[in-house]
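This is what each chain is made of:
There are 2 protein chains.
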Amino acid sequence: MPKTDSIFTQIHRDSASRARTGIIHLPHGDVQTPAFMPVGTNATVKAVTKEWLEEIGFEIILANTYHLYLRPGTDIIEQAGGLHGFSGWKGNFLTDSGGYQVFSLADFRKITREGVKFRSHIDGSSHFLTPESVVGLQAQLNSDIQMQLDVCTGYDTEWKKAREALDITIDWTRRAKRAWLETKDEYQGKLFGIVQGNFYHDLRKESVDALLEIDTPGIAIGGLSVGEPQEIYREFLESTAELLPDDKPRYVMGIGTPDYILDAVYHGIDIFDCVLPTRNARNGSLFTRDGQLSIKRESNTRDFGPIDPSCTCRVCRDYSRAYLRHLYKQDEILFSMLATFHNLAFLHTMMGEVRTAIAQGTFTEYRNQFMKRITGGVS
Amino acid sequence: MPKTDSIFTQIHRDSASRARTGIIHLPHGDVQTPAFMPVGTNATVKAVTKEWLEEIGFEIILANTYHLYLRPGTDIIEQAGGLHGFSGWKGNFLTDSGGYQVFSLADFRKITREGVKFRSHIDGSSHFLTPESVVGLQAQLNSDIQMQLDVCTGYDTEWKKAREALDITIDWTRRAKRAWLETKDEYQGKLFGIVQGNFYHDLRKESVDALLEIDTPGIAIGGLSVGEPQEIYREFLESTAELLPDDKPRYVMGIGTPDYILDAVYHGIDIFDCVLPTRNARNGSLFTRDGQLSIKRESNTRDFGPIDPSCTCRVCRDYSRAYLRHLYKQDEILFSMLATFHNLAFLHTMMGEVRTAIAQGTFTEYRNQFMKRITGGVS
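Sequence lines, in order, name chains A and B. The first sequence begins at 1 in this note's numbering and counts up by one. The second sequence begins at 1 in this note's numbering and counts up by one.
Hints in this document: simulated from the structure, not taken from any laboratory. Since the structure is predicted, the reported quantities are computational estimates derived from the model, not experimental observations. Beta carbons: idealized from backbone N, C-alpha and C, even for Gly. Please note: incorrect hints may appear among the correct ones.
Going by beta-carbon spacing under 8 Å, a handful of chain B positions derived as facing chain A [claimed, not checked]:
no. : residue
1   : Asn42
2   : Ala47
3   : Leu70
4   : Arg71
5   : Thr74
6   : Ser87
7   : Gly88
8   : Gly91
9   : Ser299
10  : Arg302
11  : Asp318
12  : Tyr323
13  : Lys329
14  : Glu332
15  : Leu334
Chain A residues, not near chain B, derived (Cβ > 10 Å throughout) [what the hints assert, rightly or not]:
no. : residue
16  : Phe128
17  : Thr130
18  : Asp209
19  : Met371
Taking lysine-lysine pairs in the DSS-like style, the calculated list, with each CA pair at most 30 Å apart, reads [what the hints assert, rightly or not]:
no. : chain 1 : residue 1 : chain 2 : residue 2
20  : A       : Lys329    : A       : Lys296
21  : A       : Lys161    : A       : Lys117
22  : B       : Lys161    : B       : Lys90
23  : A       : Lys110    : B       : Lys110
24  : B       : Lys329    : A       : Lys90
25  : A       : Lys329    : B       : Lys90
26  : B       : Lys110    : A       : Lys90
27  : A       : Lys329    : B       : Lys329
Construct the complete structure from the given sequences, taking the supplied hints into account.
Laid out in structure tokens, this is it:
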């Protein structure tokens with residue numbers, strides 16, 4: 001199909017909020033939205049198998065272009081049949097552009113209009129990425145959703161600097177789109193543009209307008225969670241989301257706890273990802289309906305009940321808090337495996353409930369009840 | 001059934017060696033022998049789930065009494081319904097007595113006729129174990145096979161010291177048996193006595209004679225792999241195994257590589273365990289028919305074939321050396337998971353072939369061919 005065809009079908013729309021359900025049509029299958037996407041930086045979600053991700057029901061996971069470009073190299077992955085051939089995951093992959101990692105991980109970076117020069121945080125080697133080359137890398141990975149290269153700015157950036165960065169980002173969207181249209185026909189991955197503009201409403205508006213004019217199949221809200229206070233984050237998530245059209249999927253990076261997810265869904269976000277559910281799992285912090293459970297707590301020593309009695313996941317069916325605490329204390333890999341499975345299953349189940357609530361027109365009620373219990377809980 | 005009933009049925013006997021097939025009848029099901037038993041020190045085999053162990057086909061795994069006694073404590077495991085209730089593993093558990101760990105791990109130990117005093121390697125706390133208390137601990141764990149407390153001696157022990165240690169070990173077998181007969185009826189685990197006697201043929205003979213008189217359901221050959229040269233190990237494995245009767249299962253600890261396994265089977269050993277297959281897996285050393293594969297080797301970078309083309313395990317079906325090498329280099333937990341699965345599946349498959357070869361009277365041939373290929377292989 002033509003690369004520029006619409007990929008989003010909106011199904012239900014909440015009357016009391018911008019929350020909606022829909023389907024993103026992608027090369028490796030449809031994705032029911034709103035959806036949480038687990039992060040698989042190195043072409044694996046840490047501590048779980050692809051079969052477990054399938055069993056839980058995920059339809060899309062993330063991988064990080066920056067990491068895979070440096071190790072093992074995108075040419076090796078291309079030779080293996082892309083990320084799907086390499087990892088065996090049969091669902092969709094979303095890859096980021098690497099821009100955020102260059103911004104946060106690289107030892108050195110220099111942004112010019114042409115692209116970004118940086119030194120690898122692993123071995124200090126020099127690299128140069130352009131909007132075009134990043135499209136090419138993600139095509140090598142055969143990503144189902146690929147992100148444009150953009151320029152991230154920190155919280156305390158002054159308007160003039162933010163304006164300049166946005167200017168480059170808009171130019172890069174245009175160049176990315178051109179390069180993406182020129183990728184070979186077999187490559188059917190979809191390009192997402194990224195809204196920037198720092199914490200300036202006029203720049204955010206300008207950014208969205210430019211993106212709509214350039215017209216990418218999906219849009220991400222970038223430049224959030226860069227050190228700003230929570231109320232500023234919320235304000236800009238909401239005001240930026242309001243500017244986005246209904247006919248494209250909306251993506252926000254770095255959202256992965258129930259409160260932030262419910263907030264994002266409320267403001268009409270369709271997909272989000274975050275390392276927290278998996279990283280917290282490995283650190284012994286587990287989701288329950290009554291809030292976070294710290295498995296290492298003394299009180300779990302002889303607790304032969306499950307992590308969460310209302311959770312139907314395989315870990316909650318089969319294992320006690322006492323056993324999990326023991327595994328955690330003994331640094332057993334099985335702990336990371338089971339904890340990750342549970343946290344991901346918990347979020348996936350929650351997302352199913354969210355979609356049902358939106359379909360039934362009860363999303364606001366669902367969100368309120370969920371939040372009430374999760375914040376009031378002692379566990 | 002009465003605790004002292006025979007638990008072993010010999011099925012086939014090789015004509016050219018002492019190799020044999022049989023069945024050990026245990027509370028959590030029959031065990032086809034010869035069998036390799038994976039080690040699950042902390043009530044989990046590292047980096048694999050119980051479902052994977054079932055999928056591979058294991059009928060018995062190990063757990064370490066010393067570790068579980070110190071953390072989380074045998075009373076907690078008893079309260080959870082024994083090792084089976086605690087871990088969810090439905091097959092058999094063999095537990096050791098802890099004697100070897102006191103010998104090798106504890107910061108301090110003092111052996112008297114009464115028992116062994118030691119300080120925990122974890123927190124320095126003092127503990128005292130007796131042959132009776134160790135039977136009780138393993139009954140709390142609900143072990144299907146439990147081992148007597150014994151006195152281990154190192155390679156360079158003089159005859160007189162070895163004689164004294166053996167004397168205590170024999171006394172402890174007697175006391176263990178008495179205590180075991182007195183465990184409550186619901187506890188159906190089987191006690192194995194341990195042959196000691198260091199590297200002195202007369203003492204080994206005396207040890208076996210005493211064990212046969214005391215009469216435990218199974219017998220283990222202890223005191224090997226304590227620093228002796230390989231030829232001494234072989235000599236004492238063979239000569240001690242020759243003294244053992246046909247009507248009891250024979251167990252040797254610390255055997256887990258194909259060459260040692262085939263040797264042990266040749267000399268009539270029925271069950272063995274070792275941490276090497278799982279530990280080596282985590283360190284990137286994988287079993288193949290052509291010898292050990294070091295996954296980190298540069299040559300695997302673009303090798304899109306499986307670990308072992310003749311292996312039918314899930315990992316060899318689904319993943320390439322290139323992907324596994326990438327996971328290993330990136331320290332991904334998934335590497336440990338997949339590598340452990342493969343190494344265990346490889347050994348389990350090999351054991352099935354060994355049993356078939358014994359049944360068909362072709363074991364010596366099988367062993368020769370296997371060894372020829374494994375030692376001649378370049379991989």
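Met371(A) clear of chain B by more than 10 Å, beta carbon to beta carbon? Holds, since 32 Å exceeds 10 Å.
Decide if the proposed pair is consistent with the structure: Lys329(A) and Lys296(A), CA atoms, cutoff 30 Å inclusive. Holds, because 7 Å separates the two Cα atoms, which is no more than 30 Å.
With a cut-off of 8 Å, does the beta carbon of Gly88(B) approach a beta carbon of chain A closely enough for the hint to hold? Since the shortest Cβ distance to chain A is 5 Å, the answer is holds.
When you look at the beta carbon of Asp209(A), is every beta carbon of chain B farther off than 10 Å? holds (40 Å)
Hint check: 8 Å Cβ-Cβ cutoff, Tyr323(B) to chain A: holds (5 Å)
Under 8 Å is the threshold here; is the Cβ of Lys329(B) close enough to any Cβ of chain A for the hint to stand? holds (7 Å)
Distance restraint between Lys110(B) and Lys90(A), which requires alpha-carbon spacing of 30 Å or less: Violated - the C-alpha atoms of Lys90(A) and Lys110(B) are around 58 Å apart, more than 30 Å.
Would you assess whether Thr130(A), listed as outside the interface, keeps its beta-carbon beyond 10 Å of every beta-carbon in chain B? holds (25 Å)
So, as I understand it, the hint says Leu334(B) touches chain A; can you test that by seeing if any CB pair is closer than 8 Å? holds (5 Å)
Restraint satisfaction for Asn42(B) [CB to CB of chain A, less than 8 Å]: Holds - the Cβ of Asn42(B) comes within 8 Å of chain A, reaching about 5 Å at its closest.
Next item in the hint list is Glu332(B). Is there a CB on chain A closer than 8 Å to its CB? Hint on Glu332(B): holds, closest Cβ of chain A at ~5 Å, below 8 Å.
Any CB of chain A closer than 8 Å to the CB of Thr74(B)? Because about 12 Å separates Thr74(B) from the closest Cβ in chain A, which is outside the 8 Å limit, the hint is violated.
Taken one by one, the earlier hints fail for this structure at numbers 3, 5, 8, 9, 22, 23 and 26, listed in ascending order.
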